[in-house]
Amino acid sequence: MKKEDALLIKKLRNPKTRHEAFKDLVSGYKERLYWHIRNLTKNHDDTDDVLQNTFIKVYKNIDKFKGDSMLYSWMYRIATNEALTFLTQKAKRLHLTSEELQNKLVENIESDVYFEGDQIQLKLQKAIATLPQKQQQIFNMKYFQELKYREISEILGTSEGALKASYHIAAKKIEDYLKGN
Amino acid sequence: MKKNISSTHPRSGFKVPKNYFEDFEAKMTRVISQEPTFGDQYKGNLGFTIPKNYFDSLEGQVLAKVERPEPRGMLISFFRKKKLYAITGVAAVFIGIISTLLFKPNPVNTLDSEKISVLEEYIDQENIDLNFNEITTFLYEEGYVLDDLYTSGLSDEAVFDYLNEQVEDPALILY
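Protein chains in written order, with the working numbering: chain A, 1 to 181; chain B, 1001 to 1175.
No lab work stands behind these hints: they were computed from the structure.
The structure displayed is predicted, hence computed values, not measured ones.
Possibly wrong hints are sitting among the right ones.
[Unchecked claim] Over the 12 Å line for every Cβ pair with chain A, so calculated as not near, a few chain B residues:
#1 ALA1026
#2 ASN1053
#3 LEU1084
#4 THR1088
#5 ALA1092
#6 ILE1095
#7 GLY1096
#8 ILE1098
[Claimed, not checked] Keeping only pairs whose Cα atoms sit at most 20 Å apart, straight-line, the calculated SDA-like set for lysine to any residue is:
#9 A/LYS123 to A/ALA171
#10 A/LYS164 to A/GLU151
#11 B/LYS1015 to A/VAL113
#12 A/LYS23 to B/ALA1026
#13 A/LYS30 to B/GLY1013
#14 B/LYS1018 to A/ASP46
#15 A/LYS60 to A/LEU7
Glycine is no exception: its CB is placed at the ideal position from the N, C-alpha and C atoms.
Use the sequences and the hints to build the structure in full.
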């Protein structure tokens, strides 16, 4: 564990310094976690809900963090789980399958006020929506967030070799989709 | 990773509202302060109260109870008594069976050999005046003696044999 992380965790566990330490934590991780979540939920409002839930969970469970992984890995895992749980519940609420919800969310991107991408970027989102869930995550983290394979491996608990293979397959599928559409 | 200053993500095209990240920290601070953290909120305050000077007197009360001999309880175990009844019942049945098998009831008018010899000695020593007429009267008129004889456990044959042995003049027992 990094020295800075260890110090931050120590402050978070101390009731006297917890408040101040939490502000530092939010400041240091809000954007990274936001974009990670946004790539999954596709729209801003849902992302905002999930991001807040993620930080609340981190705040409440900081004592349970064992330190056997990097702090950001742990927080990314929480964010991923929160986002996927959110999407599952949303699909259930709308009486849709996960696949149907994905298509619906992608369709809504075009009309979303918080989307300034061009047609290629819109098509890219549609292509990503056709991938299996795990491949989507790997592609988003590698391509959009530019995380290293080592970092992705720590977050997802998958070997670097498997990640490379998965990313390669995902990229091939997207290429084929873009060529065909 | 490069910190994303722009409100629009360059690769995905996704955008965020103006000042979203700047305001996010303040928003989270508000959210966390409103969020009940159970342990911190009620730390040191369970809401229960105790009588005045309770802890001061507690030690003395406990010691007094420990030193006092425990009174014997009035409570008798039901299961122990039940067991006792069962054992007693079995023993009673067992004794009843054994006594039935081993001990035969005494006949009403049986005379053991000791009593007979005493009677014989008494008669021989002429302690009584045997008058046959009186005897027969006693036998027939009173009646109950005959009845007793008939109802006794002695067979006629056994009586005849006895008289035959004891009486010198056989003619006396012939009729």
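Which hints from the list above does the structure break, by number from lowest to highest? 1
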